[in-house]
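Visitor: All chains, please: the whole structure from these sequences, using the hints.
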Amino acid sequence: MAHRVIDHPPTAATLRRLERASGAIATRAVARMDEDLPWFRTMPADQRSWVMLVAQAGIASLVEWCRAPGRPPRLTGEVFGAAPRDLVRAVPLKQTVDLVKLTVEVMDDHVESVAEPGDADTLRVAVLQFSREVAFATAHVYASFAENRGAWDARLEALVVDALVRGERSEELPGRAAALGWAGTGPVSVLVGAAPGDGDAHSGVRRAARSQRCEVLVGVHAEQLVVVLGGAEHVPTAAERVAEEFGPGPVVLGPVVDRLSAAGGSAAAALAGLRAARAWPGAPRPVSADALLPERALDGDPLARAALTARAVLPLRTAGGEVLETVRAVLTAGGNLEASARALFVHPNTVRYRLKRAAELTGLVVTDPRGAWTLQVALALADLDGDRSLWH
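Per the working numbering, the very first residue in the sequence shown carries number 42; after that it's consecutive.
Keep in mind that a hint or two might mislead.
As the list claims (entries may be wrong) - Label pairs and their computed distance ranges (CB to CB): (1) PRO325 x GLY245: 31 to 41 angstroms; (2) GLY306 x ARG393: 36 to 46 angstroms; (3) THR359 x GLY245: 46 to 56 angstroms.
Claimed, not checked - Calculated pairs, DMTMM-like style, for lysine to aspartate or glutamate (alpha carbon to alpha carbon, straight line, at most 20 angstroms): (4) LYS142 x ASP75; (5) LYS142 x GLU76; (6) LYS397 x ASP409; (7) LYS397 x GLU379; (8) LYS142 x GLU153.
These aren't lab readings, by the way, just hints derived from the structure by calculation.
C-beta atoms are modelled at their ideal positions from N, C-alpha and C, and glycine is treated no differently.
Guide: Here's what the structure looks like:
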């Protein structure tokens, strides 16, 4: 781009007066923005202060340009470098053009009061030429931001997902996610599985998540695709759609948590489930990490073992000996209620009543193959824990 050169720059006295007035001009420019631009009034205070800094830096750059008219203005670093890069993300290009236009109008309004006698027209021409340079620089900044944003966002997203996988509870996580456009404050869950073979995991997952009106973060961790879903109206339905974008093999859905900063627990459960999922070849896809509690417990997951005890064993023990005894009898009899009733010397309807009570307490149906397996593992591990306690 060819930069303009001032043929007759303003006098040194005018430039000194412009320097002294720069703070007042910037303040008046921001006041005009507040008066004329409704969206500016709703901006956070820190972003409004950044705009003030940019306006002041712009006036200082104008003065410097007029003092060295043969040198192109260093707008990208001197002017736009006065504000954090987040301002480019927060303020769209069209709104930035409005800000520049208003600032130039305010500077033009102050020309007569700032310029030395006979120097007003020269200063006005300099302001006009400089405003064109600012317009070109603004377009360049936003073009560069758009070009680099994809790579920047990908790195930041990878950091957020990696932090969740490693179980970090950093206070910076919500802020980093917000910088990526994460606006959800509702339930969050983590979905894990194999990454697709074509290497393009992100775009398909994003389309699927957005079709379910979900917030989404995507990362690949040790060849495993990790997807964080937020704000889904019905998590299982959203997970089922997103799971279609994974590679072959099991896909595991971690438990729902109430906020992003607690999603590390969902990720840990999902990853533990993925490691153990091969022990259940017929598992649905996706399968919840809670449905894999017995496999996870057998694989050495202490959280799964504790969950089985809390959800299955303790409720049966506190219900009384008859309910637990009946569950064990039905498991021993392979689900045959008549054989169980004979072994217990009770009527089959009594067995059915006790099993109904057990299902109410644990959420597991003894006569269902999966429920029977879960109860059998839970009780066996509890018995082993009880035997160990006798030796210690």
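Visitor: A separate judgement is required for each hint: does it hold in the structure or not?
Guide: Outcome of the hint check:
Taking the beta carbon of each, PRO325 and GLY245 are about 21 angstroms apart, not inside 31 to 41 angstroms as hinted. For GLY306 and ARG393, the Cβ-Cβ distance of about 38 angstroms falls inside the hinted range of 36 to 46 angstroms, so the restraint holds. Take THR359 and GLY245: their Cβ atoms lie about 47 angstroms apart, and the range 46 to 56 angstroms holds. For a cut-off of 20 angstroms, the pair hint linking LYS142 to ASP75 stands: about 14 angstroms separates their Cα positions.
Proposed proximity of LYS142 and GLU76 is supported: the alpha carbons are some 14 angstroms apart, at most 20 angstroms. Taking the CA atoms of LYS397 and ASP409, the gap is near 12 angstroms; set against the 20 angstroms cutoff, the hint holds. For the given pair, LYS397 sits about 16 angstroms from GLU379 by alpha-carbon distance, which is consistent with the 20 angstroms threshold. Distance check on the hinted pair: LYS142 and GLU153 sit about 19 angstroms apart at the alpha-carbon level, within 20 angstroms; holds.
When the structure is compared with the earlier hints, a violation turns up for hint 1 alone.
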